[in-house]
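K.L.:
In order, the protein sequence lines correspond to chains A and B.
Per the working numbering, the first sequence starts with residue 117, numbered consecutively.
Per the working numbering, the second sequence starts with residue 117, numbered consecutively.
To be clear, the hints were calculated from the coordinates, so they are not data collected in a lab.
The structure presented is a predicted model; accordingly, all values stated were derived computationally and were not measured.
Errors might be hidden in some of the hints.
Any copy, or any two copies together, can satisfy a pair, since identical chains are not distinguished.
[As the list claims (entries may be wrong)] Subject to a maximum C-alpha distance of 27 Å in a straight line, what follows is the list of computed DSSO-like cross-link-like pairs (lysine-lysine):
| # | residue 1 | residue 2 |
| --- | --- | --- |
| 1 | Lys302 | Lys337 |
| 2 | Lys182 | Lys126 |
| 3 | Lys155 | Lys182 |
| 4 | Lys182 | Lys159 |
| 5 | Lys379 | Lys344 |
There are 2 protein chains.
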Amino acid sequence: MLLIKIGGSKKFDWENIAKDLKELNTPYILVHGANEYMKEICKRMGETEKIIISPSGYESRYSDSKTMDIFLQAYSGLANKRIVEVLRRNGIDAIGLSGVDGGLWKATKKEKIIGRFLEEPGSKNKVIRDNYVGKVDHVNVKLIRLLLDNNFVPVITAPAISSEGEIVNVDNDRAVAVMVRELSIKDMIMLFEAPGLLRDLDDISSLVKNISIKNFDEMLKYAKARMKKKVLGAKEAFDNGLERMYWGDGRIKSPVSNCLQGKGTIISR
Amino acid sequence: MLLIKIGGSKKFDWENIAKDLKELNTPYILVHGANEYMKEICKRMGETEKIIISPSGYESRYSDSKTMDIFLQAYSGLANKRIVEVLRRNGIDAIGLSGVDGGLWKATKKEKIIGRFLEEPGSKNKVIRDNYVGKVDHVNVKLIRLLLDNNFVPVITAPAISSEGEIVNVDNDRAVAVMVRELSIKDMIMLFEAPGLLRDLDDISSLVKNISIKNFDEMLKYAKARMKKKVLGAKEAFDNGLERMYWGDGRIKSPVSNCLQGKGTIISR
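Modelling step: build the complete structure from the supplied sequences, incorporating the hints.
P.N.:
Here it is in C-alpha cells:
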C-alpha cells in the first residue's frame, strides 16, 4: 500500500495527477493540503491570517473558532471535493474525508500555547488559549481498511477531531507519520512545488537523487523554509517504520510515476 | 432503517438534536441542508446569489462554477463538518459525506435551462448554459450499506456528481426520494422551522396532526412558499415506497423523539 501526500498548491494540475494515478496498480491513500485555497478564501472574506511564533521560533497558524470555520470551507469543502471530482472523472473511485469523519484522525488538543503573534512585532510571549490546534495520535485503521478493501480511494485532509470531540487544526505531515505507523506503510510519495531536495535552491542540477535518512542532518542543512518541515516529517515517518519516501514535483506531467522512477529524490533507510 | 432530513437553518440547536439522536435505537441516515450557511458566506464574500425563474414559475439557484465553489465551502465544508463534530461529541459515530464522495448521489446534469433571472425584472426567458445543476437518479447503495453495517451514521449533503463526473447542484428533497426507493426506506423524518403542516400559517393550533398522502391536493393547498417543495418531495417519496413521514420542528427540545411521538404532522399512505 502506498501513501501519497500532495501539497495545497493551486499550481498542481489535478487532471494530470489523476491520469497518472489511474495507471497505478497498487492500492493507495491520498492526503492533501489546501493552504493556498485557505489564503484565497481568507482574503476574499476580508480575514487576515495570524501566525503564532513559539519561543523556539516554530511558526503555526492561529486557529480560533472563526479561523477554523474558514479552514473547514477551504480544506474539507472546496479543495477536497474539487479533487475528488477530478479523480472520479478520471475513473478513480475516490471518497473525500476530513480527519473529523468517522474519527479518522484522532488528536490531542493543546489546551494552551505560548507564543507571540508575527503580526505584532515587538510583542512579548503570552498564553494563547482560544486556539483549536492539536496533534494526531491515532488513525481509525478500521475505517481506512474498510474503504480500501472495498476498492475506494480515500482522499483525506485536515482538520482532525480531539478526544473531547472538538475540531482541531493539525500538521498534515505529522498526521501522515502516524498513518505510516498504524497502517504499517512502507512506501510514501510526497509531491510539492520543487523537483525534490536541492543542495542549492537556485540550481536545479543540484538535485539530490538518493539519500539515506541516516543523513538527516545533511538533509536539514539543504532544506530551506517550509522544506524543513518536510524533512522533519520524513524523519518521523522513518522512525515509524517507513522504508522509502519519494519526493517529486507536483507541477509536471506524470508526477507520480516520475517520482517512482526516481526522477525526484528517493529517501531510503 | 430511518431517514432523517434536517433543513439548512442556523436556528437549529444541533447539541439538542444530537442528544435526541443518541437515544434512537434504530439505524439511521442523516441528510442535511446548508442554505443559511450559503447565504452568509456569499454575503461575506460579496457575492450576490442569483435566482432563475423557469417559464412555469419554478425558482432555482443559478449555479455557475464560481457559485458551486462557494456551495462546496458551505455545504460539504462548514455545515457538514460542524454537524459531524457535534454528533461525534455526543457519542455518535458520524461520518460526513457529500453526494460527490464515492459517487453517493449520481445525477444527470441539465445541459441547459430556460428561464430568466429574478434579479433582472422585465427580462425575457433565455437559454442558460453555464449552470451546474442536475437531478439525482441513483444512490450508491453499496457504500451506504457498508457504512451502516459497520455502525457508522452517514451524514450526507449536496452536491451530487453527474455521469460525466461534474459536481452539480441538486434538490435535496428529490435526492432523498431516490434514497427512499433504492434503500427501501419505510420511515422518514423531516425537521424544519415549523411545527408541521399548518392549515393557517399564522395559527399554530391549526396543525394537521395526521393526514394521508392521498389528500395531496389538500396538503398542497395549505403549503406556502418553500413548504410546497416539501409536499412535492413527500409525494415523490411515497410514490417510491415510503410508508410514513414525520414532520416536525427542528428548533425545539428533543425534536426527533417528539416527531416520532406524533407531536408534529404524521403523513401516512
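K.L.:
Which hints, by number, does the structure contradict?
P.N.:
Of the numbered hints given earlier, the structure breaks none, since each of them holds.
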